[in-house]
Amino acid sequence: MPNACNISMKDGNYINKDNLRDKFKIGDKKVILYVGRLVKQKGVDYLLKAFARYSKENNDVVLVIVGNGECQNKMELLSKDLKIDNSVYFIGHVEYDNLPAYYLLCNVCVIPSITYKIADAWAFVVNEAMYFGKPVIATEAVGAAYDMIKNGKNGYMIPEKDSYSIYSAMKKILSDHKLEMKMGSESKKIYEEGFREKNMVEGFSKAVKYLQLTKEKQV
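Using our numbering, the first residue of the sequence shown is number 1, and each one after it goes up by one.
In case anyone wonders, no lab produced these hints; they're calculated from the structure. What you are looking at is a predicted structure, and each value in this text was computed from that prediction instead of being measured. Yeah, the Cβ is synthetic: ideal placement off N, Cα and C, and Gly gets one too. The reader is advised that the hints may include incorrect statements.
As the list claims (entries may be wrong) - Cβ-Cβ distance ranges computed for the label pairs, FRET-style:
(1) K74 <-> Y210: 16 to 26 angstroms
(2) N98 <-> G27: 16 to 26 angstroms
(3) T214 <-> N73: 46 to 56 angstroms
(4) K56 <-> D22: 24 to 34 angstroms
(5) D176 <-> P2: 24 to 34 angstroms
(6) E95 <-> D28: 39 to 49 angstroms
Generate the whole structure from the sequences, applying the supplied hints.
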C-alpha cells in the first residue's frame with residue numbers, strides 16, 4: 001500500500017510563489033528547499049554544510065528552510081559560522097495550505113534525514129515535492145526514497161550523514177537545466193502513476209480481499 005498525501009494545486013498558488021520571490025528578493029536565483037522539523041533526526045546541519053560548499057562556487061542560489069523545532073537556533077548559528085546566513089532563509093512554520101507556493105518556488109527539494117534512534121519512516125515531503133514536479137534528493141534514512149526515487153531519473157538517493165553527497169547531487173541538478181526539467185517531469189509521472197489516493201485505496205482493498213480469501217480457505 002503506497003502512502004499518499006492530500007496536497008493539491010489551488011488557484012493563487014503561482015501568484016503566491018511570485019510574491020515569495022519578491023518578498024525575499026530572490027530575483028532569478030535558484031532555490032533549494034527543505035521542508036520539515038528542525039530536529040536532529042532531520043540532518044539539516046549536513047544540508048547547510050553542503051549548501052556552503054555549493055554557494056562558494058555559485059552565487060546564484062539560495063536555501064529556503066521551512067519549519068521550526070528545537071534545533072532552529074543551532075542551525076541559524078551554524079549558517080552564520082559557515083558565512084551563508086545571507087543566502088539562507090529560515091521561514092519558520094508555514095500552514096499546510098501555504099506550502100504549495102514554496103514547492104513551486106524551488107528548483108530542487110532536499111530531505112537530508114539521518115538515523116537518530118529511528119530512521120525517518122516515510123517523510124511526506126517526498127510525495128509533496130514530486131506532486132509539484134520537482135527533483136528530489138533524499139538520504140537512505142528516508143523510507144519514501146526507496147519507493148519513490150529512481151536514482152538519476154527523478155532525483156538521487158544518497159548516503160546519510162554525508163554533506164559531500166548532498167553537494168554533489170545538488171550540483172548535478174542545478175548545473176543542468178534540461179536535467180532538472182526532465183527529473184521534475186519524471187517525479188510528476190511517478191507520483192501520478194503510483195502514489196495518488198486511489199493507489200492507496202486499491203492497496204487497502206487488495207489486502208482486505210487477500211485476508212478474506214485466506215480466511216475462507218482456512219475454514
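Against the structure, the hints come out as follows:
1. K74 <-> Y210: 16 to 26 angstroms: 47 angstroms, violated
2. N98 <-> G27: 16 to 26 angstroms: This hint holds: roughly 22 angstroms between Cβ atoms.
3. T214 <-> N73: 46 to 56 angstroms: 53 angstroms, holds
4. K56 <-> D22: 24 to 34 angstroms: Holds, since K56 and D22 (Cβ atoms, about 27 angstroms apart) stay within the stated range.
5. D176 <-> P2: 24 to 34 angstroms: At roughly 29 angstroms between Cβ atoms, P2 and D176 fall inside 24 to 34 angstroms, so the hint holds.
6. E95 <-> D28: 39 to 49 angstroms: 27 angstroms, violated
Checked against the numbered hints given earlier, this structure breaks hints 1, 6; the rest are met.
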